[in-house]
Structures are given as structure tokens and as C-alpha cells.
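Enquirer: Protein chains in written order, with the working numbering: chain A, 38 to 593; chain B, 434 to 847.
Rather than coming from a laboratory, the hints here were simulated on the basis of the structure.
Because the structure is a prediction, the values reported are computed rather than measured.
The C-beta atom is built at its ideal place from N, Cα and C for all residues, glycine as well.
Treat the hints with care, since some could be wrong.
Residues from chain B that keep clear of chain A, each with C-beta distances beyond 12 angstroms, as calculated [to be verified]: (1) 435; (2) 459; (3) 482; (4) 487; (5) 500; (6) 525; (7) 591; (8) 639; (9) 761; (10) 797; (11) 801; (12) 802; (13) 839.
Distance windows between CB atoms, simulated [unchecked claim]: (14) 50/A to 642/B: 24 to 34 angstroms; (15) 87/A to 641/B: 27 to 37 angstroms; (16) 721/B to 50/A: 19 to 29 angstroms; (17) 580/A to 466/B: 31 to 41 angstroms; (18) 787/B to 539/A: 31 to 41 angstroms; (19) 87/A to 710/B: 45 to 55 angstroms; (20) 466/B to 124/A: 54 to 64 angstroms; (21) 163/A to 438/B: 33 to 43 angstroms; (22) 113/A to 641/B: 50 to 60 angstroms; (23) 710/B to 38/A: 32 to 42 angstroms; (24) 50/A to 466/B: 50 to 60 angstroms.
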Amino acid sequence: MSLTKSQVRPGVYYDSVVLMQLQRKLAALPGVEDAGVVMATPANLELLADSDLLEAAGKAARPEDLLIVVRASSEAKADEALAQVDELLKQRSSGGANQAFRPRSLAAGVKNLPAAEWVLISVPGRYAAKVAHEALDSGKHVFLYSDNVDLEDEIALKQRAAELGLLVMGPDCGTAIINGIGLGFANRVRRGPIGLVGASGTGLQAVTVGIHNYGGGVSQAIGTGGRDLKAEVGAASMLQGLRYLAADEATEVIVLISKPPDEATAARLLSEAQTAGKPVVVCFIGFAAPAEQIGNVHFANGLDSAARIAVGLSTGAITPPAIEPRAGYLRSLFSGGTLAYEALNGLQNFLHPIYSNVAIRSSQKLTDPLHSQAHTIIDLGEDVFTVGRLHPMMDNDLRLRRLKQEVEDPETGLILLDVVLGEGAHADPASELSSAIAAHTKARPDIEFVALVVGTEEDPQNTEEQIHKLEAAGARIFRETTAAVDYVAARLAAAPSAAGKELRPFAEPLAAINVGVESFFDSLKAQGADAVQVDWRPPAGGNEALASILEKMKGK
Amino acid sequence: MVDIQAANQTAVSRMMEARPILRGVAPAKDVIPGMKPNLLLHAGPPIEWERMSGPLRGAVIGALIFEGLAKDEKEAVALVEKGEIEFDPCHHHDTVGPMAGVTSSSMMVYILENETHGNKAFSNLNEGYGKVLRYGAFSEEVIAKLRWMNDSMGPLLAKAIEASGGIDIRALLSESLHMGDEGHNRNKAGSIIYTAKLAPWIAKVAADNDVESDLLKALGDNALSVLNPVMAACKAMSASAHGVEGSTMVTTMARNGTDFGMRVSGLGDKWFTAPAEVPDGLYFPSFTSKDANPDIGDSTITETAGIGAFAMAAAPAIVTFVSGTPQDALNATLEMYEITIAEHSHFTIPQLEFRGTPTGIDIRKVVELGITPRVNTGIAHREAGVGQVGAGLVRPPMKIFEDALVAYAKQYNL
Chain A
38 MSLTKSQVRP
48 GVYYDSVVLM
58 QLQRKLAALP
68 GVEDAGVVMA
78 TPANLELLAD
88 SDLLEAAGKA
98 ARPEDLLIVV
108 RASSEAKADE
118 ALAQVDELLK
128 QRSSGGANQA
138 FRPRSLAAGV
148 KNLPAAEWVL
158 ISVPGRYAAK
168 VAHEALDSGK
178 HVFLYSDNVD
188 LEDEIALKQR
198 AAELGLLVMG
208 PDCGTAIING
218 IGLGFANRVR
228 RGPIGLVGAS
238 GTGLQAVTVG
248 IHNYGGGVSQ
258 AIGTGGRDLK
268 AEVGAASMLQ
278 GLRYLAADEA
288 TEVIVLISKP
298 PDEATAARLL
308 SEAQTAGKPV
318 VVCFIGFAAP
328 AEQIGNVHFA
338 NGLDSAARIA
348 VGLSTGAITP
358 PAIEPRAGYL
368 RSLFSGGTLA
378 YEALNGLQNF
388 LHPIYSNVAI
398 RSSQKLTDPL
408 HSQAHTIIDL
418 GEDVFTVGRL
428 HPMMDNDLRL
438 RRLKQEVEDP
448 ETGLILLDVV
458 LGEGAHADPA
468 SELSSAIAAH
478 TKARPDIEFV
488 ALVVGTEEDP
498 QNTEEQIHKL
508 EAAGARIFRE
518 TTAAVDYVAA
528 RLAAAPSAAG
538 KELRPFAEPL
548 AAINVGVESF
558 FDSLKAQGAD
568 AVQVDWRPPA
578 GGNEALASIL
588 EKMKGK
Chain B
434 MVDIQAANQT
444 AVSRMMEARP
454 ILRGVAPAKD
464 VIPGMKPNLL
474 LHAGPPIEWE
484 RMSGPLRGAV
494 IGALIFEGLA
504 KDEKEAVALV
514 EKGEIEFDPC
524 HHHDTVGPMA
534 GVTSSSMMVY
544 ILENETHGNK
554 AFSNLNEGYG
564 KVLRYGAFSE
574 EVIAKLRWMN
584 DSMGPLLAKA
594 IEASGGIDIR
604 ALLSESLHMG
614 DEGHNRNKAG
624 SIIYTAKLAP
634 WIAKVAADND
644 VESDLLKALG
654 DNALSVLNPV
664 MAACKAMSAS
674 AHGVEGSTMV
684 TTMARNGTDF
694 GMRVSGLGDK
704 WFTAPAEVPD
714 GLYFPSFTSK
724 DANPDIGDST
734 ITETAGIGAF
744 AMAAAPAIVT
754 FVSGTPQDAL
764 NATLEMYEIT
774 IAEHSHFTIP
784 QLEFRGTPTG
794 IDIRKVVELG
804 ITPRVNTGIA
814 HREAGVGQVG
824 AGLVRPPMKI
834 FEDALVAYAK
844 QYNL
């Protein structure tokens, strides 16, 4: 025989929703058949009556009273249930308690974390470019983990990013460390003065780990994605990263990591590296480095040596002299063939395009040895010039005429000459050359003259005097080829191209919006970064027909 | 080429700039366009008698008895089956009604006037709780209550509102959202403000103390007394945003207990419909979801205008509908920002640092993100006359948004 029992709590008010919830909990208790929890208004009493839940105590309740009624299998069960009311009222549903809102769209993610400068994207490749464009639209840097993104999309994304002063790392970028926070796959390494830009995820990881293990630390590790150094992309992201690190006060040494890029891209990168104003360690695995070091650029032959060199440089406080870049082409008129060849071997890494009649690569072959084009290195001792005349080491005539020709070329910016002294050579080459230099300087004061003087103090021409004459005419003197190459490379390294806005310093602490793979979000949070997870889904739930309509409506 | 962005801005701005003022109360036949004795207005999209759900049929029967066109259920049904009665959605007559929404020619209705754009909207008077016509009840006490509302409450309200010079419902909502209301399921604060604003004028114009007392008690006891003027205000706002060429903004969401219907600003008067779903919610003693009728009522006009479930963050007291914690209430509102065009310039939410409520549903965003609008709602019993069995949350079917998108592409040659 079931029994209905009521409890009246005079003057106690709860919102009806709280009451409905309490009632549901009471009804679920063992032995309870039905329950009613209401404010005892006439309408509510009527409802209880309809459900056979109204008895004497309930009928006597007033509208401002809380009325709790249970119908249970026995009085004991009813009392048991009523005794739990206070406990039940205190209960809070823990399911989803304080679960922060998870937006579905990037736009909402941006609204929820306006401080975020970064958007991590790991959605399927076919959707990734769209999401990345959306991120750029809202002024965010992009860490694009997704792969299978079309090359044209990558080019377009990076072009837009550069215009907006934003960075696109990727597609297919696995690693980055920004302000000490690892994005994607990244090792926990100490912070320090070494900044890296890498087109290879594991390469970047290996070098950052090496730096840490050698006692050094990382300022930023910027990923670019594996295709960044392809000719079509032109190292857009690596150049941006390099410039960023060059300007970054916290970075003292820069490391570049990649597979070997093509000539033009390598020249662009290395000449940019020359203008960094700080040591740059280049690790293009498999790249035939011209030297261990040219100016501020150090060549490492592997990931470990890159880490080692970088740490060494960062603790050695080496500050290379700042050399201001200048405009114009190099015109180099050598009398010594091997000197010309060595100069080309070094300079080809920085100056592009470069031509020569002693070309190392077929693309460098000068169309007409009698006319220079772009950067040009001429060996005037080649047969084509010396047929029927004296070698230019003995006779300056040919070189003086060619010098005039180069000075008359408005594209000429810097002229490099060698002056080889010693037995058998011209008795006083500096006199003729320096008076020509002085005369040309009057006509073209913008042209810079650099002379590489090879000789000893015992040579018959009196090396010191020769140097003095050349210097008096305004030429800058070097005594060996690599020093001359260092200088020329630094002077003529392509001035930072105007295309693109500079990146603003990355804000600290790092805040990011993660679109896609949730573990990246968890890892950001674990590292103490402010982050928002966007629960991204394919547009229109993957319905192609609807998605294509939406696409047509975009931007309208 | 149509500029969707600009069209939506125009539509949402019109909706937010609309300033609906409660102007008065009058018999439907005197003020609602196209109203006539054999016409019954109902909630939601168009529907014929055969497909009407229990509560709507019950309300139709009750209204016919109230109008004196039938003396009982049998007569009423016979009248309808003979084809003597015409049905039309409230929305086709600038009108909205909660739940069944049945409005007949002699019923007293609120008159709302949008001061900004000049359009009007109407809604019946709220009956309070218990056995009521809007849930399909048509017993004698229901009809008696309707008679009292028409003969005593309505005329006195009309005089009081007229004497007051009008009540700015948009301003009232701005205030009640700061007092724990969301304007749809919770109108406690709004109803108190409404009563407080009218009380002095009621006292001033009432000729009879008993009638005055009854009216004040009816208004004060009923936490939904302001719901109907609020709905009509929302209708006036959204109607002013309808018909903007190229706009993808929703201007009507309404259910008739069988179908969920929607109209879009730039897609003319076409209804996009699909079967209405059963709300998910909490039930009164002894009822369960088995007793529930599919979603019903025009009150979704509140969500359409940027309040109701869209302002859930402002109403933490009723969070249990969305599962439990105040954080869930915040999340409900945050989710709606994803599918809306603007943040309301007049309705703000203290809990979100006074951010404007998410306003103006964009069908594009709904389809793209797979997020349908949230709707807070009362739940009707599936049988006529039983009444309200609970309250909860429902969402419109995704299909109506997809259909609307396809129709848009066709109409605008995309």
C-alpha cells in the first residue's frame, strides 16, 4: 500500500526549475513512486491533486510555501526520501561543470580569445587553405600543420601573409617554438639567444634539442613547411623568419635549416643572412658550402654541428662588423684565373644572378664575354682576351678599356679588381689603375672600387706603395680572396625586398586558437599558454552541394 | 550582384532600431488586418485541421465555443469539418500567439506599434497558468477565464495603457535582461516591471475596486503576463527587417505543433517547414517526454529577435533547461553568437561584460557550422486540454535552413 507524505517549508522560495530538478531526483529514489515539488500556489496544488499527490498537509500550505510531496511504497521510504531533500538541493550537476565554451567557427574563437596572435590549423588538407585565409583575415599568424595543401594555395597564403605582416608556418609544418611555447611537436628546451628557422620539422627538433644539450637556449624556432624553399615559393616564410630574428633583440645567433634550396633561393637567403647583423649558421643538409664561414655566415655540415656552432657563437659574443648593403651590380675584372674562380665560388651563394666566363654552373655562362650582365666576374686572362696581346698581369690596357666600359654602365655598383704583384708582372700596375679609378670616380662617384692585392713586401713593385696608391684613389684593399668575397657579398647582398610588411614582435605570453587536433590544444594549455579549442567541422557537415552554395555566397 | 553582407546589415539594423511601444488593447476584429468572424489565427506555419496536433485542435474548439460559433466540442468539430472555418497563421496577420496561438475575432489583443518604422504587431492576452486555451484546454473554466479577460481585464488594460501614453517594451526588455530574464521562458522580472508601470494608471482609470484588484492580481501573479506584449514587440521588430532584398537573415521562426516553420528576410513570404521536434526538458510531476507534444507556438519570435534562448546567459536561474550550471547558460549564448549577424545594441548581458545579445540568425552560418538556433520553450501535453507538462529546450530541424539556402541560390541565381 503506497503512502503520500508532504513536507511544507513556509516562506522558502526556489525557482521552479530547481524544484523540477529536485522532484526528478526524489522520484528516482528507491521506493518512491512519484514526487511533486512546487511552490504551493493554487494552480500548482491543482496539478498535484490531478496526480494524486495532494493530501492534508499540502492543502493547508500557502502560496509562499515550498511544498514537497512524495508517494512511496512505505512510510519509511517516504521519510527516507524527504530526509534527503536538503542534500539533493545542494547537489550540483558535475557533468559539464564549468566546461568552457568550445566554438565551432574560427570567428567565434577569435572573439573568445582576442589576445590570440596565433592560429594552429590541423584540419584535413582540402579545407586547410580556407581556414588559413580566414585566420589571416582576422590578423593572426598561422601554424599550418595540415598537409595535402596545393602548392598554389601555399604561394597565395604566403603572399597575403607577407602583405599583412603575418607569418604562415607550413603547410605541413610540424614544429615551432614561439616565446618558449612549443606548437605542434616540439621539445621542451630552455630559452636563450639562438633563433632558428627550419623547413624541416625533425631537423628543427634535432637542432633545438642539440642546442639545449650543449647548454644553449632557444629564442624562437620558426617552422616554414617543407616546400618553402622551393623556387615557386621562394623561401617566403624563411625570409620572413630570418628578418624577424635579425631584428629580434633576444636573438644573438640565427640558425637556418633545410634541404638544399635551388640557386636563386639559396642566394636570396644567404644574401639576406649577410645583412642580419648577427652570426647566421646555415645548415642546408647536402649543400656544397663554399667555406666554413663567409662573413657572418657559418656553414654547418649537419644538424649536430649546426647546434654546436650556434651554441659556440652564442657564448663567444662574436659581433661581426656591420656592413651596410648597397645597390648595383658587381663587375669583377680579374687578371688571375683561379682568383676569379674562387671569388665566383664564394659569391655565387650570395649574388644572383651571377655570370662569368669561368662559370662553375652552366647557368652562369656569360653570353658574350665582352659584355657584362647582372653580377659578372671576368677572367681577363682567358684565351678570348689574350689572343695577340700580353696577359693582363703584364699589360693593363685591356683592363683599363673594360674598366671604362663598366663605369659607363649605369647598372654597375661595385668593381672588383685583382692586382697580382711579383716577378714578371707589370712594374707598377697601381699607378695606371689608380689614376683610372680616380678619374672614373669623378664621373661616377657612386661606384665603389675594391682591389685584391696579392704580393709580399719583398716583391719588386713595393706592395705597400702599390696599396697606398690604390687607397689614395679611393679603392678598398683586401689581401686575400675570401676577405674580398666576404666584403663584396655583404655590400651587394640583395637589400631586403620591399614586398611585405615586417612582422610585429610576437606578444608574450603566447595565446593561440587551435583549430583541429585537440592534443595540440591540450599541449598548449599544459605549457601554460592561453588557448581556445575550435571544434571545427567540414562546412555544411561535408555536404558538397550546400558547401558550394555557401562558397558562392562568401565575401558578398 | 547582390551584396549579402550589406543586406544583412540593413536587416539586422532595422530589427534593432525598431522601437515597439505598447499602445493599447482592442478586439482583434477591430485592429488585426484581415480578421473576420469565421477566421481563426493559429501559431506556426500554415496547417489544415487534419494535420493539427492535440493542443492546437483543443484551442480551436475552445475558441469556437468562446466565439459562440459552437456550444461544445462536437459542434465545433462538425463546424470545422464542414469547412465553415478558415485557418491562417497569426504571422500572416502581423500577429503572434504563444503555444497554440489561437486568436479569434472578438478576442482582446495587445497593439504594439514600432515607433521607428511605423508597422504594428498584435498578440492575445496571457491567461496565466493551469488549464488554459493556449495549451488546448477548452473546459468551462477556461472559457469563463477568457470571458473575464475579454470583458474585465481587456477593457481596463486598454484604458490604463492609453492613459499611460504607451509602454516602451524594448526598454522594458533591456531592463529585465539585467534582472535574470531571458524574455521567453523567464519573464518574471519583466512581468513585475510591467505590472509596476501599469499599476498607477490602472488605479487611476478603474471605476471598480474589485475589477482593479483582480486585474492587478492577475498581472502580478502571472510571471508570464508580459510575455504576449514581448512577443508582439519581437514580431514588430523582426517584421520591420523582413523583405530586405538579398538578406539571409531569419525573420520568422514558428511552430504549429506539427511543423516548424521559418521565413527569411530576402526570400519573400515563403515558409520553409519540416516536422517539429519534441523538446528536451524538465517535466511537471507525473509527466514524462511520452506525454509531450511536438514543439508548438509563435514564441520563437523572441529568439528570432535576439532574446529567449539567445540571451540564456542572462538567466542563470533557469539553466537547468540547458543542463545545469551557469557556465552552460553562458555557453548557450556564446554558441548563438556563431550563427548571428550582430550583437544587439539595446539588449545586453551583464554576465558577458554587457555584450549585446546574439541577434539576427544567418541561415548561411547555421548550415555552414551545423549549429541550429536554440529555443527555450514550454512543453504542451500531446492531448488537447491537459495543458503544460514541462519546459525545456528545442532546436528547429536543420532541413529548413538547408532548404532555404538552396532556395536562395535559386532565387538569386548563384
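Enquirer: Could you run down the list of hints and mark each one as holding or not?
Expert: Hint by hint, here is what the structure shows:
Interface exclusion of residue 435/B from chain A breaks down, the closest Cβ pair being 7 angstroms apart, not more than 12 angstroms. The Cβ of residue 459/B sits about 28 angstroms from the closest Cβ of chain A, beyond the 12 angstroms cut-off, so the non-interface label holds. Every beta carbon of chain A lies more than 12 angstroms from that of residue 482/B, the smallest distance being close to 28 angstroms; the non-interface claim holds. With a minimum CB-CB distance of about 17 angstroms to chain A, residue 487/B clears the 12 angstroms threshold, and the non-interface call stands.
No beta-carbon of chain A is positioned within 12 angstroms of the beta-carbon of residue 500/B; the least distance is around 26 angstroms. For residue 525/B, the shortest C-beta to C-beta distance to chain A comes to about 29 angstroms, beyond the 12 angstroms cut-off, and the non-interface label holds. Residue 591/B, annotated as away from the interface, keeps every beta carbon of chain A farther than 12 angstroms; the closest lies near 26 angstroms. Against the 12 angstroms criterion, residue 639/B stays outside the reach of chain A, whose nearest CB is about 24 angstroms from its own CB.
Once the 12 angstroms rule is applied to beta carbons, residue 761/B is inconsistent with being away from chain A; the minimum gap is 6 angstroms. A Cβ of chain A approaches the Cβ of residue 797/B within 12 angstroms, the least distance being about 6 angstroms, so the stated non-interface status is violated. Residue-level check failed: residue 801/B sits 5 angstroms from the nearest beta carbon of chain A, not beyond 12 angstroms. For residue 802/B, the non-interface assignment is contradicted: its Cβ lies about 5 angstroms from the closest Cβ of chain A, within the 12 angstroms cut-off.
The claim that residue 839/B is not at the interface with chain A is violated, since a C-beta of that chain comes within 12 angstroms of its own (minimum 7 angstroms). A C-beta distance of roughly 29 angstroms is found between residue 50/A and residue 642/B, which places it inside the suggested range of 24 to 34 angstroms. The supplied range of 27 to 37 angstroms is met by residue 87/A and residue 641/B, whose beta-carbon atoms lie about 34 angstroms from each other. For the pair residue 721/B and residue 50/A, the supplied restraint of 19 to 29 angstroms holds, since their beta-carbon distance comes to about 27 angstroms.
The hint said 31 to 41 angstroms for the Cβ distance between residue 580/A and residue 466/B, and at roughly 40 angstroms that hint holds. About 37 angstroms separates the C-beta atoms of residue 787/B and residue 539/A, a value consistent with the hinted range of 31 to 41 angstroms. Residue 87/A and residue 710/B have their C-beta atoms about 27 angstroms apart, which leaves the hinted 45 to 55 angstroms range violated. Our hint of 54 to 64 angstroms for residue 466/B and residue 124/A holds, since their Cβ atoms are close to 57 angstroms apart.
The hinted window of 33 to 43 angstroms between residue 163/A and residue 438/B is violated, with their beta carbons roughly 26 angstroms apart. A C-beta distance of roughly 55 angstroms is found between residue 113/A and residue 641/B, which places it inside the suggested range of 50 to 60 angstroms. Between residue 710/B and residue 38/A the beta carbons are some 41 angstroms apart, a value that agrees with the proposed interval 32 to 42 angstroms. Hint check: residue 50/A to residue 466/B, Cβ distance near 44 angstroms, so the stated range 50 to 60 angstroms is violated.
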